[in-house]
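Q: Residue strings, one per chain:
Protein chains: 2
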Amino acid sequence: MSQDIRIGMLGFGTVGTGTYRMLVDNREAITKKIGRGIDIAKIGIRDPKKERALDQSHFTTDLESIVTDPSIDVVVELIGGIDPAADLVEKALLNGKHVVTANKELIAKHGSRLVHLAKSKNLDLHYEAAVGGGIPLIQPLKHQLAGNDVIRMMGILNGTSNYILTKMEQEQADFADALKEAQAAGYAEADPTNDVDGIDTSYKISILASIAFGKQVPVENVFREGIRNIGITDIEYARSWGYKIKLVGVVDAIGKDAVCVRVHPSMIPGDHPLASVNGVYNALWLHGDFVGDVMFSGRGAGSDPTGSAVMGDLIDVGRNIVGGGSGSAIPYEAGMKVVPIDDVHSSFYLRLRVKDRPKTLGQISMVFGEYAISIAEMQMKTLPDNLGEIVFLTHRASERSFAQALREVENLEAVDQVAGVIRVEDKQ
Amino acid sequence: MSQDIRIGMLGFGTVGTGTYRMLVDNREAITKKIGRGIDIAKIGIRDPKKERALDQSHFTTDLESIVTDPSIDVVVELIGGIDPAADLVEKALLNGKHVVTANKELIAKHGSRLVHLAKSKNLDLHYEAAVGGGIPLIQPLKHQLAGNDVIRMMGILNGTSNYILTKMEQEQADFADALKEAQAAGYAEADPTNDVDGIDTSYKISILASIAFGKQVPVENVFREGIRNIGITDIEYARSWGYKIKLVGVVDAIGKDAVCVRVHPSMIPGDHPLASVNGVYNALWLHGDFVGDVMFSGRGAGSDPTGSAVMGDLIDVGRNIVGGGSGSAIPYEAGMKVVPIDDVHSSFYLRLRVKDRPKTLGQISMVFGEYAISIAEMQMKTLPDNLGEIVFLTHRASERSFAQALREVENLEAVDQVAGVIRVEDKQ
Numbered sequence: 000m001s002q003d004i005r006i007g008m009l010g011f012g013t014v015g016t017g018t019y020r021m022l023v024d025n026r027e028a029i030t031k032k033i034g035r036g037i038d039i040a041k042i043g044i045r046d047p048k049k050e051r052a053l054d055q056s057h058f059t060t061d062l063e064s065i066v067t068d069p070s071i072d073v074v075v076e077l078i079g080g081i082d083p084a085a086d087l088v089e090k091a092l093l094n095g096k097h098v099v100t101a102n103k104e105l106i107a108k109h110g111s112r113l114v115h116l117a118k119s120k121n122l123d124l125h126y127e128a129a130v131g132g133g134i135p136l137i138q139p140l141k142h143q144l145a146g147n148d149v150i151r152m153m154g155i156l157n158g159t160s161n162y163i164l165t166k167m168e169q170e171q172a173d174f175a176d177a178l179k180e181a182q183a184a185g186y187a188e189a190d191p192t193n194d195v196d197g198i199d200t201s202y203k204i205s206i207l208a209s210i211a212f213g214k215q216v217p218v219e220n221v222f223r224e225g226i227r228n229i230g231i232t233d234i235e236y237a238r239s240w241g242y243k244i245k246l247v248g249v250v251d252a253i254g255k256d257a258v259c260v261r262v263h264p265s266m267i268p269g270d271h272p273l274a275s276v277n278g279v280y281n282a283l284w285l286h287g288d289f290v291g292d293v294m295f296s297g298r299g300a301g302s303d304p305t306g307s308a309v310m311g312d313l314i315d316v317g318r319n320i321v322g323g324g325s326g327s328a329i330p331y332e333a334g335m336k337v338v339p340i341d342d343v344h345s346s347f348y349l350r351l352r353v354k355d356r357p358k359t360l361g362q363i364s365m366v367f368g369e370y371a372i373s374i375a376e377m378q379m380k381t382l383p384d385n386l387g388e389i390v391f392l393t394h395r396a397s398e399r400s401f402a403q404a405l406r407e408v409e410n411l412e413a414v415d416q417v418a419g420v421i422r423v424e425d426k427q
Numbered sequence: 000m001s002q003d004i005r006i007g008m009l010g011f012g013t014v015g016t017g018t019y020r021m022l023v024d025n026r027e028a029i030t031k032k033i034g035r036g037i038d039i040a041k042i043g044i045r046d047p048k049k050e051r052a053l054d055q056s057h058f059t060t061d062l063e064s065i066v067t068d069p070s071i072d073v074v075v076e077l078i079g080g081i082d083p084a085a086d087l088v089e090k091a092l093l094n095g096k097h098v099v100t101a102n103k104e105l106i107a108k109h110g111s112r113l114v115h116l117a118k119s120k121n122l123d124l125h126y127e128a129a130v131g132g133g134i135p136l137i138q139p140l141k142h143q144l145a146g147n148d149v150i151r152m153m154g155i156l157n158g159t160s161n162y163i164l165t166k167m168e169q170e171q172a173d174f175a176d177a178l179k180e181a182q183a184a185g186y187a188e189a190d191p192t193n194d195v196d197g198i199d200t201s202y203k204i205s206i207l208a209s210i211a212f213g214k215q216v217p218v219e220n221v222f223r224e225g226i227r228n229i230g231i232t233d234i235e236y237a238r239s240w241g242y243k244i245k246l247v248g249v250v251d252a253i254g255k256d257a258v259c260v261r262v263h264p265s266m267i268p269g270d271h272p273l274a275s276v277n278g279v280y281n282a283l284w285l286h287g288d289f290v291g292d293v294m295f296s297g298r299g300a301g302s303d304p305t306g307s308a309v310m311g312d313l314i315d316v317g318r319n320i321v322g323g324g325s326g327s328a329i330p331y332e333a334g335m336k337v338v339p340i341d342d343v344h345s346s347f348y349l350r351l352r353v354k355d356r357p358k359t360l361g362q363i364s365m366v367f368g369e370y371a372i373s374i375a376e377m378q379m380k381t382l383p384d385n386l387g388e389i390v391f392l393t394h395r396a397s398e399r400s401f402a403q404a405l406r407e408v409e410n411l412e413a414v415d416q417v418a419g420v421i422r423v424e425d426k427q
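Same order as they appear, the protein sequences are chains W and H. Per numbering that gives the first Met the number 0, residue 0 is the first one in the first sequence, and the count goes up by one each step. Per numbering that gives the first Met the number 0, residue 0 is the first one in the second sequence, and the count goes up by one each step.
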């Protein structure tokens, strides 16, 4: 058998160790599938003093030396973030190395450019691990589903938020406590912004949209709202109407050449397949014009599942090296037209704290009526201190109309506080 | 742009028309993804008098002329069955044509040989549509999940049976009525054997097992039991204990180099993701050593979803033609070691019609005890005519022990009839 394929790995954290262990555990089968062995020849790290599972001779703090090393065939980038990952990946490609990366931010922001660069040099740039951890999503979208016009995609793509929302629901915990639990369990970082404010999801849904629609979605055009304002009260009302609250990334095709991409909590009907995706699991639900509804689910993060995705990419890159066929990716252009959320129509959940006195409900209804927003469901109850709670589910209305109505409702003297607003996925 | 890729299609039934319509509807996007156009140049059919959506000049009844035509690049085989499909596919490969097929029986029985033949001639042989209709299954197993040792797979892979079982459950219909409904709705054929006796599922699960474990599973070694004996009574008992009854294909890794592959109805715990796969939907649930649990679901049959899978394969084959990289599949050998079901351990559901008299229950329990089979749950009721019904859920026991115990129970004078036996997937 010819010489092993030499890997240079950048970063050796959670995903790196998972990938390394998978190679060690399943080496024989992996070698057979590629037709050649894989050798993790060099690993670039920041802190040389940390304990590692491997011999020190593999490690270097000089990451640049890896991406320029003529003996390295494939660079596996697992640092995350833009700086210095973007430069290193670009240099790796310029130096003729295939790249496998798990870096969602990098691909969301620079995917089009880097895929073009790879293609121009007949190299592979694979990034299955960037979205949905171990769940095959990117490549099925690129290949098996490629004949479809995608009409809609909706995904639970952030395990941390889903863990928190599941905890809140199952243990009647409030957001702060559930977040603490997630941090204690190692599912959330000390600064949870990336996860709970939907930033992570916005990268991932952008990547999926870019592949499905063939142009890169500018991340700054993705509407984004996180889960910090979700209360157990909202989860309870949702349940009473047969819904679960999930943080979702949504892509809707708008006409022939535009999309709307958004990240926000949604009330998902209990019988929708996404409603039963709990804890750290991720899932993508997709509707294509020919395939109809398809769903993929599994572990969206963690050392082993993400390592599994990196290894799947490495096997593909390896097969291409052995059999020919590197650089066969179809590049996508930049500049996808993204329409703002204003024109999207949804149903809405609205929870108001009101002053408990005559005409309150009438005044609110009048405002809704002015904006042609009709009410589908309502619940009302008395709170202490002469206050009340009114909760509405509306029929479908545009974001714009609803936002305008909400502003007027908020200004009503009878309304003490807008306590919760959540978009609602309609039941079938 | 260079010359179109010329397709010769064998068969123009449900899947052929779906594939054709998809090409017409989404031609621009498909052409862009391949980098060259697709031309369905010739279509081989049996009956030249049937009305067709296309100009007559495309059609020929001389199928052989298609697979030997030097101007054809890719043969799409949609006839099904072995004869004459096997010969035609082989001739197509020998004549240097790539092949896309939806033929599960062909791949289950001759996959290893044909993939080797394709590989030896640097050709692609793709068959995503053979399993799970539009759901990406084959390629994700071959690629993104390829680094995993698969521990277990369980799939609902036959839409007809799942439609029938769902009807039975939702409308309290018996098997015969649900079958008639399925036939009227076009989901079941006049002779439903292939579907309801698990033959179709046995081909599909064999193919998945062959890919996951790298050797072709001899179909004759797949244990197979259909759904004809499932009664609404069984479905009701299953529900009372929190289970659904589904026809599943199951693959278990046995040690390092063997598998057990089986097809039979199973009681699936209500919270298992497969339990909510209803109607004509299909799904595959998989557990890999690194990826953990993954599930794929969607429409497992029909013109459009299966056409979507054929088109996905065509796009891949086309990209390889344009970009280089044809024939990169990893062939798998024949002769997977398949162990018989006897040593598999399951829990069992057993429904007995008994004579209503003293000691009946005691005698049955004694037999179970002799074979070390312990009872987890039991329900008992009186039937007319001095009969009774006893229903058991056992703890895990080997097929062999259970079968022996069952034979003795059946011979007890007090037992009038073994009315139902179903394997049970344990709750987590």
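To be clear, the hints were calculated from the coordinates, so they are not data collected in a lab. Worth double-checking, as some hints may not be accurate.
Heads up, the list lumps identical chains together, so a pair's fine if it works in one copy or across two of them.
Below, in silico cross-link-like pairs of lysine-lysine (DSS-like), each with a Cα-Cα straight-line distance of 25 Å or less [stated by the list, open to error]:
no., residue 1, residue 2
1, K380, K90
2, K354, K336
3, K214, K31
4, K48, K108
5, K31, K108
6, K426, K179
7, K380, K255
8, K426, K336
9, K118, K214
10, K118, K141
Please read these numbers as outputs of a predicted model, since none were measured by experiment.
Q: Are the hints correct? Go through all of them and say.
A: Evaluation of the provided hints:
no., hint, verdict
1, K380 x K90, "neither (62 Å within a copy, 75 Å between copies)"
2, K354 x K336, "neither (44 Å within a copy, 74 Å between copies)"
3, K214 x K31, "between (36 Å within a copy, 12 Å between copies)"
4, K48 x K108, "neither (32 Å within a copy, 56 Å between copies)"
5, K31 x K108, "between (36 Å within a copy, 23 Å between copies)"
6, K426 x K179, "neither (33 Å within a copy, 30 Å between copies)"
7, K380 x K255, "neither (46 Å within a copy, 62 Å between copies)"
8, K426 x K336, "neither (29 Å within a copy, 47 Å between copies)"
9, K118 x K214, "within (16 Å within a copy, 34 Å between copies)"
10, K118 x K141, "both (15 Å within a copy, 23 Å between copies)"
In summary, the structure is inconsistent with hints 1, 2, 4, 6, 7 and 8 from the numbered list given earlier, while agreeing with the others.
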